[in-house]
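Chemist: Residue-level listing of the chains:
Number of protein chains: 2
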Amino acid sequence: MTLDNRWWSEAYTDEGVAFSLQVTEKLHEEQTPFQHIEVYQSTHWGKLLVIDGCVMLTSRDNFTYHEMMSHPALFTHPNPKRVLIIGGGDCGMLREVLKHPGVEQAVQVDIDEGVTRAAQQFFPELCESNDDPRATLLFDDGVQYVKDAADGSVDVVIVDSTDPVGPAEGLFGEAFMRDVHRILGDDGLLVQQSESPILHRDSILKELHGVMRGAGFTQVVTMQFPVCSYPSGWWSATMAGKSGDITQFRRADAEAKPFRTHYYNAGIHQGALAAPEFCKELFSDQ
Amino acid sequence: MTLDNRWWSEAYTDEGVAFSLQVTEKLHEEQTPFQHIEVYQSTHWGKLLVIDGCVMLTSRDNFTYHEMMSHPALFTHPNPKRVLIIGGGDCGMLREVLKHPGVEQAVQVDIDEGVTRAAQQFFPELCESNDDPRATLLFDDGVQYVKDAADGSVDVVIVDSTDPVGPAEGLFGEAFMRDVHRILGDDGLLVQQSESPILHRDSILKELHGVMRGAGFTQVVTMQFPVCSYPSGWWSATMAGKSGDITQFRRADAEAKPFRTHYYNAGIHQGALAAPEFCKELFSDQ
Chain C
1 MTLDNRWWSE AYTDEGVAFS LQVTEKLHEE QTPFQHIEVY QSTHWGKLLV
51 IDGCVMLTSR DNFTYHEMMS HPALFTHPNP KRVLIIGGGD CGMLREVLKH
101 PGVEQAVQVD IDEGVTRAAQ QFFPELCESN DDPRATLLFD DGVQYVKDAA
151 DGSVDVVIVD STDPVGPAEG LFGEAFMRDV HRILGDDGLL VQQSESPILH
201 RDSILKELHG VMRGAGFTQV VTMQFPVCSY PSGWWSATMA GKSGDITQFR
251 RADAEAKPFR THYYNAGIHQ GALAAPEFCK ELFSDQ
Chain U
1 MTLDNRWWSE AYTDEGVAFS LQVTEKLHEE QTPFQHIEVY QSTHWGKLLV
51 IDGCVMLTSR DNFTYHEMMS HPALFTHPNP KRVLIIGGGD CGMLREVLKH
101 PGVEQAVQVD IDEGVTRAAQ QFFPELCESN DDPRATLLFD DGVQYVKDAA
151 DGSVDVVIVD STDPVGPAEG LFGEAFMRDV HRILGDDGLL VQQSESPILH
201 RDSILKELHG VMRGAGFTQV VTMQFPVCSY PSGWWSATMA GKSGDITQFR
251 RADAEAKPFR THYYNAGIHQ GALAAPEFCK ELFSDQ
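Going down the list, the sequences are from chains C and U.
First residue of the first sequence? That's 1 in UniProt numbering, and the numbers climb one at a time after it.
First residue of the second sequence? That's 1 in UniProt numbering, and the numbers climb one at a time after it.
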């Protein structure tokens, strides 16, 4: 069948695949100095946030992404107190990070204030921890922020970026990664969204592993999980550690987590670390 | 954006979501006594098999589905020799089952010979074990076949059906399940495709768990895995056991499997058994 104009579509033409949601209304449209932001009301997926024509999130399915980009790293680091989020302007990552009572400060650095303003208006549930006294929201260049930050001043860095083109391109480069490595403490961890296992294994994922190792990280692992609204519906987060074995995590703490999640739990964490056979060589190299 | 006529789309209007592939040619179209079959050439996903307007499989991504519907059950049963596949006319499940050297007979019962003929022509790789001396291909009503089969005559039953509407509706009912329970041996296992965790938890999945228990199965577990070309990109298989703990499997045998897979391995098996937090109560009930 052909989809009529009740459908909003994102075509990923490089791979000949498209994802569509039925929408009833465009709620917001804005060209910021950095990006084109749109918000739609969908029929079954709540609201839809689009940047430069790509789905960023829907109200209904963003939980898998936000939870899997935050909790595995925070339960892998032995005692994460200082968290830095690069990107993440929708504030959903900040909310997940601040669920951890041990976190003492979480700094979010997104270049585009427009994303956060749109999130506050249309996705208030993602912004419910923005006023937490431990939170700092900065609207600035993440690459420069990391360059200027002090050595060993952060425990976990989460790179919640758009795809590695446009404003986010620098966040996938080795110069940035070397700075991240430098500002992390001894047990420091970096986690970065790393696109689709089935679409990007031999391109973005392979390159990212190489760049992270080149920047000095001793271990790099990729976790897989579903994100219905991203190309292929199958996504990944890649975690890089300065020391220790990052395939191990504080399982007892994860099992006794003092907060609610919708996807993440200790079993899911362990499961996400299992590499599909076709990704085994890349994802689980030690 | 709007998708033009170079795209083939499946709209799942009940949930306001659609999946599209860019196609270059319709290779086949046929109305059988049971179903409407189409085959398309896609730009990036190989060939696309469509039944009654729904994606059945693509050349590129069918491996997750076929492997996760077969190998977990076959590595859970202590010694599976006699396997029955209900549906599965594309023969991809049969191929996976026959990778297990211990399997002595695999019977495939699909009501529609048209599907197998189309698979032989357009997906020959899925049919490469059709001539295995252990294989029997029948084109008949699976519900009736199970009704007529002898008590305790099968070790593993795999229900590889279309959605629970139309020809496949009976395969989700309790009368059928009771017959499956009866024809299974003491350690017998049933595995059934059970749709999307995010779309069907409270409908098909919940009902299926109830029906399986009602039919006498002592344990029912749902495994999750990606299937890019099915609605939401996130799919499940539900396994029901007559006895024993089906969350345990022959891990050493899975680790030493004498055949190649593309997705499945022991770690993936274990990981698929982990229930997402929002499905925990249903998926992992003991």
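Note that these hints are calculated values from the structure, not bench results.
Hints may be right or wrong, so weigh each one.
Taking lysine-lysine and the DSS-like style, the derived pairs with C-alpha atoms no more than 25 Å apart in a straight line are [as the list claims (entries may be wrong)]:
hint: 1; chain 1: C; residue 1: K280; chain 2: U; residue 2: K242
hint: 2; chain 1: U; residue 1: K242; chain 2: U; residue 2: K280
hint: 3; chain 1: U; residue 1: K81; chain 2: U; residue 2: K99
hint: 4; chain 1: U; residue 1: K81; chain 2: C; residue 2: K257
hint: 5; chain 1: U; residue 1: K81; chain 2: U; residue 2: K257
hint: 6; chain 1: C; residue 1: K242; chain 2: C; residue 2: K206
hint: 7; chain 1: C; residue 1: K81; chain 2: C; residue 2: K26
hint: 8; chain 1: C; residue 1: K99; chain 2: U; residue 2: K280
hint: 9; chain 1: C; residue 1: K99; chain 2: C; residue 2: K81
hint: 10; chain 1: C; residue 1: K242; chain 2: C; residue 2: K280
hint: 11; chain 1: U; residue 1: K81; chain 2: U; residue 2: K26
hint: 12; chain 1: C; residue 1: K280; chain 2: U; residue 2: K99
Per label pair, the in silico range of CB-to-CB distance [what the hints assert, rightly or not]:
hint: 13; chain 1: U; residue 1: G216; chain 2: C; residue 2: G53; range: 18 to 24 Å
hint: 14; chain 1: U; residue 1: E29; chain 2: C; residue 2: D4; range: 21 to 27 Å
hint: 15; chain 1: U; residue 1: E281; chain 2: C; residue 2: E128; range: 40 to 46 Å
hint: 16; chain 1: C; residue 1: T24; chain 2: U; residue 2: G53; range: 20 to 26 Å
For every residue, glycine included, the Cβ atom is placed at its ideal position computed from N, Cα and C.
Chemist: Against the structure, test the hints numbered earlier, and report the numbers of the ones violated in rising order.
Modeler: 1, 4, 7, 11, 13 and 15
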